[in-house]
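Participant: Given chain A, put chain B with the ligands in place with the hints provided.
Taken in sequence, the protein lines are chains A and B. Start counting the first sequence at 1; every next residue gets the next number (the working numbering). Start counting the second sequence at 1001; every next residue gets the next number (the working numbering).
These are calculated hints, taken from the structure and not from any lab test. Glycine residues also receive a C-beta, built at the ideal position from the N, C-alpha and C atoms. Check before you lean on any hint, since a few could be wrong.
To be verified - Quick list of the computed label-pair ranges, beta carbon to beta carbon:
1. A/Glu60 x B/Arg1264: 41 to 47 Å
2. A/Leu55 x B/Leu1059: 34 to 40 Å
3. B/Ser1079 x A/Leu55: 45 to 51 Å
To be verified - Taking beta-carbon pairs under 10 Å as the criterion, some of the chain A residues facing chain B (in silico):
4. Arg130
5. Arg162
6. Gln172
7. Thr183
8. Ala184
9. Leu185
10. Leu194
11. Arg195
12. Asp199
13. His213
14. Ala218
15. Asn220
16. Val221
17. Asp240
18. Thr277
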Amino acid sequence: MSGALQVKNLHVRFRRPEGVIHAVNGVSFEVASGEWLGILGESGSGKSVTMLALLGLQSESAFVAQGEALFGDRDLLKLSERKLQSVRGREIGMIFQSLSAGLNPYIRIGDQVMEPMLQHALCRKPEARRRALALLSEVGLADPETQFRRYPFELSGGMRQRVMTAVALACQPQLLIADEPTTALDTTIAIQVLRMLRDICEKRQMTTVMVTHDLGVATNVCDRIIVMYGGMVMETADVDAFVARAAHPYTRGLKEALVDHRDRGRPLRPIPGAAETLWEAPRGCPFAPRCSLADERCDREIPNLIALGEGHEAACHRLEEGMSDVG
Amino acid sequence: MPDEPLLRVEEVSKHFKVRGRTLHAVERVSFELDAGQTLGLVGESGSGKSTLGRVALRLLEADAGRVVFQGRDIAKLSSKELRQERRHMQIIFQDPLASLNSRMTVGAAIEDAMIIQGVGTRAERRKHVDELLERVGLPLSAGNAFPFELSGGQQQRVGIARALAVKPKLVVCDEPISALDVSIQVQIIDLLKDLQKEMNLAYIFISHNLGVVQYLSDRVMVLYLGEVVEQGTAQDLFADPQHPYTRVLIDSILKIPESSAERRPMTGLPGEMPSPFSPPVGCPFHPRCALAQDRCSAEKPQMRAVADGHLAACHFAG
Ligand SMILES: Nc1ncnc2c1ncn2[C@@H]1O[C@H](COP(=O)(O)OP(=O)(O)OP(=O)(O)O)[C@@H](O)[C@H]1O
Ligand SMILES: Nc1ncnc2c1ncn2[C@@H]1O[C@H](COP(=O)(O)OP(=O)(O)O)[C@@H](O)[C@H]1O
Ligand code: SF4
Ligand code: SF4
Ligand SMILES: [Mg+2]
Ligand SMILES: [Mg+2]
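Extracted from the complex, chain A is given alone in its bound form (with noise of 0.2 Å):
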């Protein structure tokens, strides 16, 4: 079983009476069978168009310019709307952002959790439903005998948040894509899913793309870490490496920006300015407009990924030559 995944040059931008929005602008990664990679970056940075895009899920005024997502022997980006259904949900599991999309609201939560078993066949309802019953205990659902018949109104936000997990699961797909699957949840439970999630990848191979903000969450289940802003990856590097040698002003930034429960009174560090919706193609670095760094050249020039040490990456015209982990 592979649920290894190769993502090549993808560009995704929206139609939008204004003008054109270039969200994902020539995003490249590769995740290993049975790897965990997390994906961090500002918001807006096209994380979740990324995702949604592999899965066919864009929105309607979204459109796929350019790329390849292979899996197995298969480009998802070409997948016909049928084939990739019977990937979606199966093949791959996914848990997505927005609380309110991932589950439907007039469906009992149990029938939710079987849905994918019974829709792709894999087993009849007896069986779903003991496996599903299963599940929910297994995210942390007190009581899933009773919890099985309620509807996702009646639950918080961090157990609607279990609930779509149990659903990813439901079919033991072979990648997991999962966009902030701990952010409404706290920290104790957050360690629960994370480490259900983490023996899963182990006992089955699973492989797991996950998207977070939190670089706790991040740095302590992840194997590998790409950062992403205005639409491209500015770093990719393994855990020890991002810890130790972070070498993008963006990512520097973020790990300075962090909260810790220790800082009451001093004062926050936050990275100025905002993200900018691009309205066009790249022409320099995108983050060019808050980076304290930037020069002329960051303006006019894309900067391309350079090799810094073994699976550590970064795109920036102004990487010192010490910041190289080899040299």
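Facilitator: Using the frame of chain A, we list chain B with the ligands on its own:
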């Protein structure tokens, strides 16, 4: 009454009926909140934080207990009086997009909050919308945009502008930053803090991000299965947590490790989460507490002071 706090919540309970069974969402919770202060609410997912926040604003009716806002029991207000008080009590949600009307422009949505409260003339409202947009860090052009055209951080700024449009005294912030990126989170926290100072706002701040709760809160309350298990100043509670549950909650924060070899083991709480339909007898935390003794499953610990202004409901705290 000079010492009357802005908000006084007394022994409030909220139960939901779920297919014939009773779910104890909030159980006899009491607290006070003064103008200009922030109360942080933390605790396990499903422990009743959002429900408590809604009961405090009478968006949900309490089953027992009293909520006293500016000296008046809000359960006793006529619907007209309630509407007037509402103006002083606002809420900001986690999912800003879901809480905004998708067919209304941002400017219209902010103005709508004022229209509902019958505030100002049309011209005054328009002017105030522009002031608010500017104050929360949005370009004036955002007034003509629809919510889905904005980024998550911008949508949350709209949510804040809308809540502030009617000059409230109390704002419940229900996970206002959890959907945002780290760098945007910091900007929103700064904004909330500045606005609090300017307008003397009181916040009930609900979040799973303990770092941010400590940063923003004056006092913090920890909920477990609908009950308060500990409360104290943000300083004391995080520096010297007294309840075993609070300790696990704080220990479970995932910090950036020095290297992959030093990652923390993924152990959170042992055992199953107890059912909210039949909370454990005795201490609600006893089935999962590492320090539990025989007494804990027999006798319910009462909230008691372990230090000045620091309370915990554990037989062995202090
Ligand atoms: N409308 C409702 N009908 C039935 N039960 C409800 C309803 N709203 C909330 N509950 C139940 O009340 C309990 C507390 O829910 P609440 O939303 O207050 O939790 P929370 O502490 O905000 O959790 P989270 O951190 O996950 O948001 C949960 O068990 C939930 O299922
Ligand atoms: N349905 C949509 N219509 C128009 N633009 C969109 C839509 N969804 C996303 N975008 C735009 O695409 C870009 C990337 O968004 P997204 O992938 O959601 O970011 P994030 O990295 O925060 O997940 C943003 O500029 C966003 O405004
Ligand atoms: S390329 Fe220039 S603008 Fe971009 S991150 Fe590097 S220094 Fe900053
Ligand atoms: S009363 Fe007993 S079970 Fe409850 S928290 Fe204290 S030691 Fe643990
Ligand atoms: Mg997203
Ligand atoms: Mg909640």
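Participant: Using the Cβ atoms, figure out if B/Ser1079 sits within 45 to 51 Å of A/Leu55.
Facilitator: Since the Cβ atoms of B/Ser1079 and A/Leu55 sit about 47 Å apart, the hinted range of 45 to 51 Å holds.
Participant: Holds or violated: A/Asp240 as interface residue toward chain B, Cβ cutoff 10 Å?
Facilitator: Given a least distance of 5 Å, the restraint on A/Asp240 holds.
Participant: Should the hint that A/Val221 touches chain B count as held when the rule is a Cβ pair under 10 Å?
Facilitator: For A/Val221, the interface hint holds, since the closest Cβ of chain B sits about 8 Å away, which is under 10 Å.
Participant: Minimum Cβ distance from A/Gln172 to chain B below 10 Å?
Facilitator: Hint on A/Gln172: violated, closest Cβ of chain B at ~21 Å, above 10 Å.
Participant: Quick check on A/Ala184 please, does its C-beta sit within 10 Å of some C-beta on chain B?
Facilitator: 6 Å, holds
Participant: Any CB of chain B closer than 10 Å to the CB of A/Leu194?
Facilitator: 6 Å, holds
Participant: Using the nearest Cβ pair, does A/Arg195 come within less than 10 Å of chain B?
Facilitator: Constraint on A/Arg195 satisfied, holds at 4 Å.
Participant: Let me know if the C-beta of A/Ala218 comes in closer than 10 Å to any C-beta of chain B, holds or violated.
Facilitator: It holds, given that the least Cβ distance between A/Ala218 and chain B is near 9 Å, below 10 Å.
Participant: Given a cut of 10 Å on the nearest C-beta pair, is the interface hint for A/Thr277 held or broken against chain B?
Facilitator: Holds - the Cβ of A/Thr277 comes within 10 Å of chain B, reaching about 8 Å at its closest.
Participant: Range first: 34 to 40 Å. Now tell me if the beta carbons of A/Leu55 and B/Leu1059 are that far apart.
Facilitator: Since A/Leu55 and B/Leu1059 have Cβ atoms about 36 Å apart, the given range 34 to 40 Å holds.
Participant: Using Cβ atoms only, decide whether A/Arg162 comes closer than 10 Å to chain B, and label the hint accordingly.
Facilitator: Holds. Min distance 8 Å.
Participant: Can the hint on A/Thr183 be confirmed by a CB-to-CB distance to chain B that is less than 10 Å?
Facilitator: 5 Å, holds
In this structure, the earlier hints numbered 4 and 6 are contradicted, and the remaining ones agree with it.
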